[in-house]
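**Student:** Okay, here's what each chain looks like letter by letter:
There are 2 protein chains.
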Amino acid sequence: MSKLKSITTPPSQEELSNRLEKLRILMAQQNLDYYISFDPVNIYYLTNFANYVHERPFILVIPNAGIPKMMVPLLEKVHVETRARCELDYMSYYEFPAPEGKNWYDYYSTLIEDDARVGIESAMPIGIAEKTPGKKIVTDIIEEVRLIKSDYEIGRTIHACRVVNKGHKVLLKVCRPGVLEFAIYQETTGAMIKKIIADLPNANMIVTRVVGAVWPPKISHDPHKVPTIFQEMEDGGPHVSIVSGQIDGYGVEVERTFFLGFIPEKAKSPFEVMLEARALAYELAKPGIIMSEIDKAVRKLITNRGYGDYIIHRTGHGLGITGHEAPYIAEGYDRKLEPGMVVSIEPGIYIPGIGGFRHSDSVLITDDGNMKLTRAPEELDDVIISL
Amino acid sequence: MSKLKSITTPPSQEELSNRLEKLRILMAQQNLDYYISFDPVNIYYLTNFANYVHERPFILVIPNAGIPKMMVPLLEKVHVETRARCELDYMSYYEFPAPEGKNWYDYYSTLIEDDARVGIESAMPIGIAEKTPGKKIVTDIIEEVRLIKSDYEIGRTIHACRVVNKGHKVLLKVCRPGVLEFAIYQETTGAMIKKIIADLPNANMIVTRVVGAVWPPKISHDPHKVPTIFQEMEDGGPHVSIVSGQIDGYGVEVERTFFLGFIPEKAKSPFEVMLEARALAYELAKPGIIMSEIDKAVRKLITNRGYGDYIIHRTGHGLGITGHEAPYIAEGYDRKLEPGMVVSIEPGIYIPGIGGFRHSDSVLITDDGNMKLTRAPEELDDVIISL
Chain A
1 MSKLKSITTP
11 PSQEELSNRL
21 EKLRILMAQQ
31 NLDYYISFDP
41 VNIYYLTNFA
51 NYVHERPFIL
61 VIPNAGIPKM
71 MVPLLEKVHV
81 ETRARCELDY
91 MSYYEFPAPE
101 GKNWYDYYST
111 LIEDDARVGI
121 ESAMPIGIAE
131 KTPGKKIVTD
141 IIEEVRLIKS
151 DYEIGRTIHA
161 CRVVNKGHKV
171 LLKVCRPGVL
181 EFAIYQETTG
191 AMIKKIIADL
201 PNANMIVTRV
211 VGAVWPPKIS
221 HDPHKVPTIF
231 QEMEDGGPHV
241 SIVSGQIDGY
251 GVEVERTFFL
261 GFIPEKAKSP
271 FEVMLEARAL
281 AYELAKPGII
291 MSEIDKAVRK
301 LITNRGYGDY
311 IIHRTGHGLG
321 ITGHEAPYIA
331 EGYDRKLEPG
341 MVVSIEPGIY
351 IPGIGGFRHS
361 DSVLITDDGN
371 MKLTRAPEEL
381 DDVIISL
Chain B
1 MSKLKSITTP
11 PSQEELSNRL
21 EKLRILMAQQ
31 NLDYYISFDP
41 VNIYYLTNFA
51 NYVHERPFIL
61 VIPNAGIPKM
71 MVPLLEKVHV
81 ETRARCELDY
91 MSYYEFPAPE
101 GKNWYDYYST
111 LIEDDARVGI
121 ESAMPIGIAE
131 KTPGKKIVTD
141 IIEEVRLIKS
151 DYEIGRTIHA
161 CRVVNKGHKV
171 LLKVCRPGVL
181 EFAIYQETTG
191 AMIKKIIADL
201 PNANMIVTRV
211 VGAVWPPKIS
221 HDPHKVPTIF
231 QEMEDGGPHV
241 SIVSGQIDGY
251 GVEVERTFFL
261 GFIPEKAKSP
271 FEVMLEARAL
281 AYELAKPGII
291 MSEIDKAVRK
301 LITNRGYGDY
311 IIHRTGHGLG
321 ITGHEAPYIA
331 EGYDRKLEPG
341 MVVSIEPGIY
351 IPGIGGFRHS
361 DSVLITDDGN
371 MKLTRAPEEL
381 DDVIISL
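Heads up: the sequence lines are chains A and B, in that order.
FYI, the numbering for the first sequence is 1 to 387, going by the numbering used here.
FYI, the numbering for the second sequence is 1 to 387, going by the numbering used here.
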């Protein structure tokens with residue numbers, strides 16, 4: 001890993017070629033003649049072109065050698081050409097639907113030989129898979145390549161973290177008792193969007209979205225109950241913040257448990273246990289450890305402290321060109337951490353009637369340990385906001 | 001069709017039961033014991049619960065009688081319960097990934113008998129389809145049900161149209177030569193969001209998004225080349241606007257070709273031909289006509305006027321709980337229009353060096369014709385904005 005620095009430039013052709021080459025090594029291991037990508041996330045990773053999935057399919061056909069071919073609706077060809085930054089051939093089709101013989105699948109079927117071995121994504125819709133010629137093998141090798149980040153990707157992730165750091169700073173300034181969710185959302189996302197525009201004037205808005213929200217104590221025990229826009233902030237806590245985003249294609253998050261004015265007595269112990277569990281996760285998160293072992297150790301610690309019934313999610317998940325992806329720091333995920341992985345570390349405790357306790361950061365696994373890329377107050381004294 | 005009025009309330013349990021009953025009629029026709037929905041759009045349609053697809057699957061298992069069962073990650077159960085407005089049973093699973101025997105597919109496989117006939121969506125990821133028990137039949141019967149709107153859906157669509165109408169009014173006020181794309185986006189979407197919050201304080205933001213943008217003459221010939229935020233508006237035209245949105249789950253659009261100060265001489269004829277093609281489409285868009293016939297007639301008219309080489313898309317597409325769905329007013333789509341369908345009507349002409357020409361409206365097919373639900377200036381005199 002070279003010296004870490006923030007990057008805001010689009011990927012070079014070389015960066016994208018390297019990704020393709022890594023994919024082709026995995027294709028060769030499985031004797032694949034082609035790999036087909038339909039998942040817009042994977043197409044973005046390989047080409048820098050982002051699309052919404054709708055009824056007009058975009059399909060990237062990657063032969064084991066030579067230039068990949070993108071099948072696109074005629075209407076979208078210039079859009080792809082504008083954003084893609086790798087060598088691509090195109091096969092454009094008329095429209096969807098189209099007169100007989102001119103539909104996308106009429107062209108698609110000519111691109112691949114019937115006896116070819118063709119890798120496809122597990123996310124591929126069955127309706128596309130059924131039209132895919134050749135002997136199909138479901139294998140998520142692009143996700144595999146995406147697990148380990150290049151220096152370029154790390155640089156983009158560092159930049160994305162600076163954006164959410166800024167958002168979180170604003171969030172802690174505006175979050176006061178009585179303030180509505182919507183005001184927090186507006187102020188926080190507004191600040192992040194301003195920074196994105198300043199830093200990345202040509203940002204691709206299809207892969208840019210920012211979120212800034214707080215779960216006040218009334219609902220913080222329930223981390224996936226989305227707050228309404230009129231949800232009011234309260235005295236005390238625990239409040240739990242989420243500031244996350246996909247910043248021109250790079251997903252990160254920073255989340256904090258904090259208190260307005262004071263910490264209720266009954267929140268003290270779970271907060272401390274959460275910090276302890278988190279410290280353990282950081283201590284363990286080094287290259288070579290099996291990820292499920294981290295989750296098991298964290299669960300054990302929380303259980304030993306008496307809060308085992310209040311664990312409702314894993315310790316962390318991967319980050320990359322999305323905000324939620326492999327690898328997973330979870331029981332059942334028996335893969336080793338490696339340098340260049342980026343993960344969230346966020347053990348949580350959720351107690352109905354008391355509230356939720358979770359800090360989350362975006363963390364790079366380095367050659368000998370880990371490095372937090374997001375920054376926000378952590379310790380109890382720093383997360384009790386004076387009013 | 002009853003009297004048309006704007007509706008902003010969530011769907012009643014009866015509305016959702018009716019949708020389910022329509023689905024079950026189609027299930028019976030295909031002798032399906034179960035239908036499985038994974039597509040978040042279809043799950044939203046049947047339950048009013050909206051989710052993002054990520055690595056933790058949500059799967060709706062619909063037996064041919066009795067209460068449907070939603071398989072959800074433990075973490076999300078309360079989220080589903082908060083939003084779903086139909087009767088549902090739940091099967092919640094531990095986490096993704098999970099220890100052996102506790103993964104989602106371990107539970108999923110117990111919900112369906114091996115000899116059952118099971119309908120699945122063509123959009124279902126092959127990785128989910130492979131874990132689906134029973135004899136699988138790919139059949140998009142929920143899309144089929146969605147084609148014809150209930151009075152409730154029409155009422156929600158009318159409300160959504162009022163939101164984009166407001167956005168478009170603001171857009172025409174702020175769009176002046178030299179103004180940047182970003183300012184137009186901010187003003188237009190800001191006005192729409194304000195209206196959404198006022199009208200629907202409990203709007204579900206997962207299915208709410210608004211867009212307000214203008215393709216200035218430099219790029220208006222290329223309708224799917226997304227403008228950058230620093231794109232500048234110009235004198236003259238054609239400028240082409242897009243104001244669209246999914247408003248608490250109902251997708252609509254209004255788009256206009258307009259001119260700032262004056263219309264360039266060479267834009268006059270294509271503008272008039274576009275209006276003529278559009279008038280023809282409205283004249284034809286009545287219950288009983290085969291949709292491809294409309295598209296063919298429109299293409300023929302444009303071709304006869306000398307602009308056949310400048311058609312790059314179909315005449316229209318369906319609208320509903322998304323902004324792009326079946327039915328399609330397109331060659332190759334040989335289904336009849338029916339009362340209760342909602343479609344865009346938007347024949348377009350795109351000439352490099354001159355620009356793009358397209359008006360789009362969200363249009364309800366009525367018992368004896370059609371009714372535009374969006375409203376914005378249409379005729380030449382009204383779309384030349386005085387400076």
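Derived from the structure by calculation, the hints contain no laboratory data.
One or more of the hints may lead you astray.
All copies of an identical chain are treated as equivalent in the list; a pair is satisfied when it fits inside any one copy or across any two copies.
For lysine-lysine, the following BS3-like pairs were computed, each having C-alpha atoms within a straight-line distance of at most 27 Å [to be verified]:
| hint | residue 1 | residue 2 |
| --- | --- | --- |
| 1 | K372 | K69 |
| 2 | K77 | K218 |
| 3 | K194 | K166 |
| 4 | K173 | K194 |
| 5 | K131 | K195 |
| 6 | K194 | K169 |
| 7 | K286 | K296 |
| 8 | K194 | K22 |
| 9 | K102 | K336 |
**Student:** Hints first: check each against the structure and report whether it holds.
**Tutor:** Status of each hint after checking the structure:
no. : hint        : in the structure
1   : K372 x K69  : neither (39 Å within a copy, 41 Å between copies)
2   : K77 x K218  : between (49 Å within a copy, 17 Å between copies)
3   : K194 x K166 : both (10 Å within a copy, 25 Å between copies)
4   : K173 x K194 : both (17 Å within a copy, 24 Å between copies)
5   : K131 x K195 : neither (44 Å within a copy, 44 Å between copies)
6   : K194 x K169 : both (14 Å within a copy, 26 Å between copies)
7   : K286 x K296 : within (15 Å within a copy, 63 Å between copies)
8   : K194 x K22  : neither (35 Å within a copy, 47 Å between copies)
9   : K102 x K336 : between (48 Å within a copy, 21 Å between copies)
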